[in-house]
Amino acid sequence: MAKASSNHGLPGTLIVVEGIDGSGKTTQQQLLRKWLEDRAMPIFYTEWNSSSLVKKATKEGKKKATLTPLLFSLLHATDFADRHLYQIVPPLKAGMTVVADRYVYTAFARDAARGVHPVWARRMYSFAVKPDLAFYFRVPVDVALERLRSARAKLKYYEAGMDLALSPSLDESFRLFQTRVVAEYDKMVEEFGLVVIDAQRPIHAQQKEVRAQVARKLGLPVRGTGTVRARG
Amino acid sequence: MPKMKFPGPAPDYIARAENRGKLIVVEGTDGVGRSTHVAMARKWLEVQGHAVAETGWTRSKLVGQAIDDAKAGHTLASLTFTLIYACDFCDRLEKEVIPALSAGYFVLADRYIYTAIARAVVRGLDEPWVRDLFSFAPIPDLVIYLRVDPNQLARRVLLTGGMDYWEAGKDHHPELDIYDSFLAYQTSSLTVFDRFKKEFGFVEIDAARPAELVQEQIRQAIGALIGVSA
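These protein sequence lines map, in sequence, to chains V and F.
All letters in the first sequence, in the order written, are residues 0 to 231 by the numbering used here.
All letters in the second sequence, in the order written, are residues 67 to 296 by the numbering used here.
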């Protein structure tokens with residue numbers, strides 16, 4: 000099994016975006032992909048919790064609010080293992096640039112915030128290849144909460160950590176739970192060499208930084224990383 | 067009240083549960099008669115006045131169906147297979163086993179984590195990794211290991227419904243015919259189980275003997291645990 004601690008040695012490049020809900024990482028990864036596509040780079044995109052294997056079980060467990068921290072953790076690991084096998088390693092072998100919206104760090108942060116042992120979780124995911132670049136979009140919890148509130152009507156049950164019964168209020172629970180998640184992310188910056196992006200800065204400024212880092216990794220000219228050309 | 071023991075770090079909400087009953091596991095490869103003996107042992111325990119709950123491999127409400135679907139599609143890699151088994155086990159542990167033990171039930175588990183570990187190891191996964199994965203599972207009070215040699219097991223399985231793709235380990239030995247695959251796979255499984263027997267102190271019972279004799283030995287083993295004679 001490949002170890003998360005060693006380089007994957009495959010021809011492709013794995014780029015990961017991480018951060019709490021409302022950090023803006025999805026917007027950033029979408030803009031990054033637009034730019035890479037524009038440069039005709041072969042891209043493969045994969046996102047957290049999207050394999051069909053345990054989708055029904057996860058959905059049902061979430062709907063009925065019966066997912067315990069350990070089962071939550073194991074279901075996500077199963078989903079990840081399936082995607083790792085079919086959606087992450089093959090495109091890396093084919094020399095593509097894989098963009099992953101959330102990676103093992105999401106599991107480490109959320110699982111630890113739910114009381115699952117951090118060493119156990121790291122061991123479980125030790126089969127995962129190490130990303131070439133892992134961005135962490137760091138944002139204060141209140142800013143993230145504000146963004147989510149303006150974007151959609153209601154916070155989700157597990158996103159707010161309601162399963163932990165920290166507070167009967169959805170907003171307050173979100174604040175308490177995501178504060179724990181942020182603390183876990185912060186601990187991982189050094190442990191895994193995450194590239195921290197200040198997610199309070201303007202979207203365009205963040206994207207410029209992301210593209211500069213990616214350009215360096217892929218050996219692309221840095222010039223022109225600041226413009227987003229519309230396609231079609 | 068006795069706390070449960072765990073091989074590794076279990077989350078607090080699991081680790082603080084108390085075992086007021088007994089966790090009794092019946093292990094053994096496919097076709098050794100586990101379910102028959104679990105049913106008989108249950109009846110006997112109930113006659114003794116003990117409340118009994120049963121739990122069986124891949125019977126979790128939440129992921130049982132996902133496992134069946136995946137088996138039918140043959141798309142599961144060993145790693146994913148092992149993780150989905152862990153989901154099933156976790157769901158049953160938290161929703162059936164621990165609540166029952168806390169309430170003072172005797173829990174009869176038809177297979178336990180040793181099955182999952184053996185399957186994964188035979189298919190080439192890293193054993194320390196698999197054992198760590200399942201390290202949140204409480205250590206049972208008793209593990210009864212029903213053992214039959216592969217040759218005899220093959221005859222028994224052929225007489226009772228035939229060899230199934232997974233039981234024969236066809237995913238692992240696509241080059242062999244079903245019989246040779248069954249033999250090779252069950253032999254490797256037994257090697258792992260025999261090793262576990264020593265390490266974890268399984269009570270081995272020769273399941274090739276007549277069912278009444280096997281059941282008598284099972285009752286003796288349980289009787290020794292709870293201080294009654296079978």
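Keep in mind that the hints were calculated from the coordinates and are not lab data.
Among the clues, some could well be false.
[Said to hold, decoys possible] Below, computed lysine to aspartate or glutamate pairings styled on EDC-like, alpha-carbon distance capped at 16 Å:
{"id": "1", "chain 1": "V", "residue 1": "K58", "chain 2": "V", "residue 2": "D162"}
{"id": "2", "chain 1": "F", "residue 1": "K263", "chain 2": "F", "residue 2": "D192"}
{"id": "3", "chain 1": "V", "residue 1": "K54", "chain 2": "F", "residue 2": "D134"}
{"id": "4", "chain 1": "V", "residue 1": "K55", "chain 2": "F", "residue 2": "D135"}
{"id": "5", "chain 1": "F", "residue 1": "K127", "chain 2": "V", "residue 2": "E59"}
{"id": "6", "chain 1": "V", "residue 1": "K92", "chain 2": "V", "residue 2": "D131"}
{"id": "7", "chain 1": "V", "residue 1": "K153", "chain 2": "V", "residue 2": "E171"}
{"id": "8", "chain 1": "V", "residue 1": "K54", "chain 2": "F", "residue 2": "D135"}
{"id": "9", "chain 1": "V", "residue 1": "K55", "chain 2": "F", "residue 2": "D134"}
{"id": "10", "chain 1": "V", "residue 1": "K63", "chain 2": "V", "residue 2": "E158"}
{"id": "11", "chain 1": "V", "residue 1": "K155", "chain 2": "V", "residue 2": "E59"}
{"id": "12", "chain 1": "F", "residue 1": "K71", "chain 2": "F", "residue 2": "D207"}
{"id": "13", "chain 1": "F", "residue 1": "K71", "chain 2": "F", "residue 2": "D198"}
{"id": "14", "chain 1": "V", "residue 1": "K62", "chain 2": "V", "residue 2": "D162"}
{"id": "15", "chain 1": "V", "residue 1": "K216", "chain 2": "V", "residue 2": "D131"}
[What the hints assert, rightly or not] Here are some of the chain V residues that sit facing chain F, going by a computed Cβ distance under 7 Å:
{"id": "16", "residue": "A64"}
{"id": "17", "residue": "P68"}
{"id": "18", "residue": "L70"}
For clarity, every value in this text was computed on a predicted model and none was experimentally measured.
Virtual Cβ for every residue (Gly too), placed ideally from N, Cα, C.
Structure-based check of all given hints:
1. V/K58 with V/D162: holds, 15 Å
2. F/K263 with F/D192: Not OK: F/K263 and F/D192 at ~19 Å, beyond 16 Å, violated.
3. V/K54 with F/D134: holds, 14 Å
4. V/K55 with F/D135: holds, 11 Å
5. F/K127 with V/E59: holds, 10 Å
6. V/K92 with V/D131: holds, 14 Å
7. V/K153 with V/E171: Roughly 13 Å between the alpha carbons, so the hint for V/K153 and V/E171 holds.
8. V/K54 with F/D135: At roughly 12 Å apart (the allowed maximum being 16 Å), F/D135 and V/K54 satisfy the hint.
9. V/K55 with F/D134: Given pair V/K55, F/D134 holds - Cα atoms ~13 Å apart, limit 16 Å.
10. V/K63 with V/E158: holds, 15 Å
11. V/K155 with V/E59: holds, 14 Å
12. F/K71 with F/D207: holds, 10 Å
13. F/K71 with F/D198: It holds: about 15 Å lies between the C-alpha atoms, which stays within 16 Å.
14. V/K62 with V/D162: Satisfied, since the Cα-Cα distance of roughly 12 Å is no more than 16 Å.
15. V/K216 with V/D131: At roughly 8 Å apart (the allowed maximum being 16 Å), V/D131 and V/K216 satisfy the hint.
16. A64: Violated. Min distance 12 Å.
17. P68: With a closest approach of 6 Å, the V/P68 hint holds.
18. L70: Since the shortest Cβ distance to chain F is 5 Å, the answer is holds.
Violated hints, in rising order: 2 and 16; the structure is consistent with all others.
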